[in-house]
Amino acid sequence: MGRQVVVSARPEHSYLFLNSVSLGISMLLILGAWIFLARRQQGGKEESDFAKDKVIKYHASEKQVTFKDVAGIPEAKEELMEIIEFLKNPTHFSRIGASIPKGVLLQGPPGTGKTLLARAIAGEAGVPFFSFSGSDFVEMFVGVGASRVRDLFKEAKKNAPCIIFIDEIDAVGAHRGAAGAMGGQDERGQTLNALLVEIDGFSSTDTIVVLAATNRPDILDPALLRSGRFDRQINILPPDVKGRLKILEVYAQRVKVMKDIDLFSVARSTPGFTGADLANLVNEAALLAARHGKEAIELPDFEAAKDRILMGVERKGLIITEKDRRTMAYHEAGHAIVARFLPESDPVHKITIIPRGRAMGNTQQLPLKDRHAYSKVYLRTRITTLLGGRAAEEIVLAQQTTGAQDDLFRATEIAMKMICKWGMSETMGPLAYAKDDSGFLGEQTTLMAHSEETARRIDKEIKVLVEGCYREAVAIINQEKDFLVNLAEILLQTETLDSEELRIIFDCTQKKQAAATVSEHGEDGSLHECSTCPAAAHCTHMQEAIAS
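In the working numbering, the protein residues as written are 1320 to 1867.
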């Protein structure tokens, strides 16, 4: 109570003043930083120069790309020949009143040669070629993309006849349904509007062709695809076996390949490969040949390169127990045995228990011809073959492992498509309950709206189908159990079996089974001790294969 306490107070308005000054300084710093970054990105240019940045990308290659460099897509090349003729001789069309399409849209999966084909058109016609990516038109500053579009077409008109190529046009030409905040158009929408205006601004006498490429035609704005703009649309899909052979012949000319090599067998063993995949295959084979000190690429180099691309690098440092190796051998042998005895099955090309990438083993099947349609019998065979590995594990080893994870997923996926997309169910009838929303970036099946009762019926039908196929796989494994054991034991020694070695094993087994049948009837059973018995310890042919 006796202490003297001094109390001081500061007027409230002084705090308000300090807060206002602090806020003002912060705003000035933020504004200054924004101006600094903007000027730095502009590189000291004026606003108009910044808008023109990236607009002109004139490609005058030292070595022109022509149709000789493009193989495997003859239909697309034929479709585009009149574009080349128009650029070379426009009066041939104008004198009879014909006008060439203003825009051509090349659509297809990545790596199929859309960009290469566009450059080949310019090379064949001998005209300037302007190549851009759709993302080049999109910037953080509103109006820059539209300005670049206008400058691009202005420059193209100066260099006519010419070709404008916009790669990945979906980056700027996506559907405008998602507008900016408060209903306003964003930068992407303004750029697309400018592109549409410029295309409409062409006259019938302008010798300018706009090519564009995309692997997502499903998301393009409808205004971009209407007649008078990109009204000609060309699908470029992965090549068939003849197309793959032509592509391999083109790339094989750029490397040293053994003269007697069978490129057709390489083409047949690469279903689904695109042109870019095949180019990578040839390059990987060349790298492997050089790594082993060879003078030229041999067929085993192509096979090893294909395994590297499809399954990944061999995991040489992975330590696998003998129990796991045996499980893998019986699992992969189960796939091969089931595939051997099912109708419409693709021939087994190779079996391996060498770990690569995320796969611990693999059984490869190759069709004799490219398939473009699938029968119900073939699809059931695919499901049953996929389940053959799990069936072999349960019957011979009396166990279930996680090695069948991918097999179960793929089998269920095929069953779902059979019932929901392709109407291959007697119970559900010839109806579609799903559709694809994938474009060209891989399948993505979306179930359409239906009742809970229908969903339960679909689930039940999928379960019935997969379980029926599994019972069929179990029946085959039980019937051919001795065959399975012999094949798995050989695979444990060799780790990899190719189609020729598998043929020897299958032939030996058939002879042994025939000899056993003869012996049971009390007749000459000399064939039972066949010199090519599939048992690895007694098989002359397989001993030679293992030794080599």
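It is possible that part of the hints are untrue.
Straight-line C-alpha distance at most 27 Å; calculated DSSO-like pairs for lysine-lysine [unchecked claim]:
| no. | residue 1 | residue 2 |
| --- | --- | --- |
| 1 | Lys1635 | Lys1565 |
| 2 | Lys1565 | Lys1625 |
| 3 | Lys1578 | Lys1613 |
| 4 | Lys1740 | Lys1800 |
| 5 | Lys1565 | Lys1396 |
| 6 | Lys1578 | Lys1688 |
| 7 | Lys1779 | Lys1695 |
| 8 | Lys1688 | Lys1613 |
| 9 | Lys1421 | Lys1477 |
Okay, the calculated beta carbon distance ranges per label pair [what the hints assert, rightly or not]:
| no. | residue 1 | residue 2 | range |
| --- | --- | --- | --- |
| 10 | His1668 | Pro1541 | 18 to 28 Å |
| 11 | Gln1552 | Ala1768 | 24 to 34 Å |
| 12 | Ile1714 | Gly1631 | 43 to 53 Å |
| 13 | Ile1349 | Ala1774 | 52 to 62 Å |
| 14 | His1668 | His1769 | 35 to 45 Å |
| 15 | Asp1689 | Glu1786 | 55 to 65 Å |
| 16 | Gln1552 | Gln1383 | 18 to 28 Å |
| 17 | Gly1520 | Gln1552 | 37 to 47 Å |
| 18 | Lys1476 | His1611 | 52 to 62 Å |
| 19 | Gly1547 | Lys1476 | 15 to 25 Å |
| 20 | His1668 | Glu1786 | 22 to 32 Å |
Rather than coming from a laboratory, the hints here were simulated on the basis of the structure. Using N, Cα and C, we set each Cβ at its ideal position, and we do this for glycine too.
Evaluated hints:
| no. | hint | verdict |
| --- | --- | --- |
| 1 | Lys1635 - Lys1565 | 35 Å, violated |
| 2 | Lys1565 - Lys1625 | 18 Å, holds |
| 3 | Lys1578 - Lys1613 | 14 Å, holds |
| 4 | Lys1740 - Lys1800 | 36 Å, violated |
| 5 | Lys1565 - Lys1396 | 14 Å, holds |
| 6 | Lys1578 - Lys1688 | 25 Å, holds |
| 7 | Lys1779 - Lys1695 | 19 Å, holds |
| 8 | Lys1688 - Lys1613 | 32 Å, violated |
| 9 | Lys1421 - Lys1477 | 17 Å, holds |
| 10 | His1668 - Pro1541: 18 to 28 Å | 45 Å, violated |
| 11 | Gln1552 - Ala1768: 24 to 34 Å | 29 Å, holds |
| 12 | Ile1714 - Gly1631: 43 to 53 Å | 30 Å, violated |
| 13 | Ile1349 - Ala1774: 52 to 62 Å | 53 Å, holds |
| 14 | His1668 - His1769: 35 to 45 Å | 40 Å, holds |
| 15 | Asp1689 - Glu1786: 55 to 65 Å | 31 Å, violated |
| 16 | Gln1552 - Gln1383: 18 to 28 Å | 26 Å, holds |
| 17 | Gly1520 - Gln1552: 37 to 47 Å | 22 Å, violated |
| 18 | Lys1476 - His1611: 52 to 62 Å | 55 Å, holds |
| 19 | Gly1547 - Lys1476: 15 to 25 Å | 18 Å, holds |
| 20 | His1668 - Glu1786: 22 to 32 Å | 29 Å, holds |
When the structure is compared with the earlier hints, violations turn up for hints 1, 4, 8, 10, 12, 15 and 17 and for no others.
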